[in-house]
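All chains, please: the whole structure from these sequences, using the hints.
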Amino acid sequence: MILYNEKIEKLIALALADGELTEKERQILFKKAETEGIDLDEFEIVLEARLFEKIKHKTQEPVAAPESDKFGDIKKCPACGAIAESFVTKCSDCGAEFRNIEVSGSIIRFFDKLDEIEATRSTGFYAQNTGSNIGLGTVLLWLFFWYILIFIKGIQLILATSKSAKWSTTDARKEEFVLNYPVPVSKENILEFLTISSSKINPVSYLTIFSEDTKYKNTWNKIWLKKIEQINSKASMSMKNDPKTYAEVLAIVEKARNITKENTKKVFHVLGAGAALILVFIICNAIAAT
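For the sequence shown, my numbering assigns the number 290 to the last residue and increments by one with no breaks.
Each hint should be verified, as a subset may be incorrect.
What the hints assert, rightly or not - Below 27 Å or equal to it, Euclidean Cα-Cα: the simulated DSS-like pairs (lysine-lysine) are:
no.	residue 1	residue 2
1	K266	K215
2	K244	K265
3	K7	K31
4	K56	K113
5	K32	K113
6	K200	K266
7	K226	K174
8	K174	K200
By construction, these hints were calculated from the structure, which means they are not laboratory data. All figures in this text were calculated on a predicted structure; none of them were measured in a lab.
As structure tokens, this is what we get:
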């Protein structure tokens, strides 16, 4: 029997005390095991074996290994009985596809949990400024010193771009939850999770490129792209015998990458155009002065 250090063993005992293993408990155990340098494939097998023993002693009846909605919980091919490798969606012996419909419920719970966290937000995203203070002095300044004000505004835009988006405790909780949530292994659920995650990445407009709203969206675009890369990494392992489906995954991933790249390019386009405009104004002003 494989035994781990005292902390891991205590966590396992507490998690399996009721004969069940929730997704939250599983997530905590795997995170701790990874921190301790434990092989996660081996850890999953040990954990499932102990869970099975716990259930068997609890019922006091001879039972077969229980079906579970845990990610990667397929050990034998249901069609031919061959031993299945970890992280695959198709049997290497007979070609039968492995399906785990119950995992889709986990994806639903994932987005439900995100909504629950969002509901704890106590304030709006941004402080809105609805006042307008354009007076005669402002008009006169722009009329006589427009070239100086344009230069100042350009510097302000560059400084604003370098600042991070406003980030609350709610945003930090959501970010941690998204990045730490385990990725499913079955083909259908990988595609479902990937499709929904990619829909969270949105293009930005040139007109609002430097607004707080856009900076906030760009920050979340990067977070969702990290999650998409996690899904892609899992798909590359689980679909190694299914290049056609993996090609679908890559197409979705590449589209998400391109949107993020285009958003970044838009910022540099505006900054470049602004810098060029300021340079032209400076040159024209110098020529006029001579």
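For this session: Verify the proposed pairing of K226 with K174, using a straight-line Cα cut of 27 Å.
Result: holds (14 Å)
For this session: Would you check the hint for K200 and K266, treating anything up to 27 Å between C-alpha atoms as holding?
Result: Satisfied, since the Cα-Cα distance of roughly 19 Å is no more than 27 Å.
Exercise. Straight-line Cα separation of K244 and K265 no greater than 27 Å?
Worked result: The given pair, whose Cα atoms are some 31 Å apart, is violated under the 27 Å limit.
Exercise. Is the straight-line distance between the alpha-carbon of K266 and that of K215 27 Å or less?
Worked result: This hinted pair holds, its Cα atoms lying about 12 Å apart.
Exercise. Within 27 Å, alpha carbon to alpha carbon, are K7 and K31?
Worked result: holds (13 Å)
Exercise. Straight-line Cα separation of K56 and K113 no greater than 27 Å?
Worked result: violated (32 Å)
Exercise. Does K32 pair with K113 here, judged by a C-alpha cut-off of 27 Å?
Worked result: holds (22 Å)
Exercise. Hey, K174 versus K200, does the alpha-carbon distance stay inside 27 Å?
Worked result: The hint holds at about 13 Å.
In terms of the numbered hints stated before, the structure departs from hints 2, 4, listed from lowest to highest.
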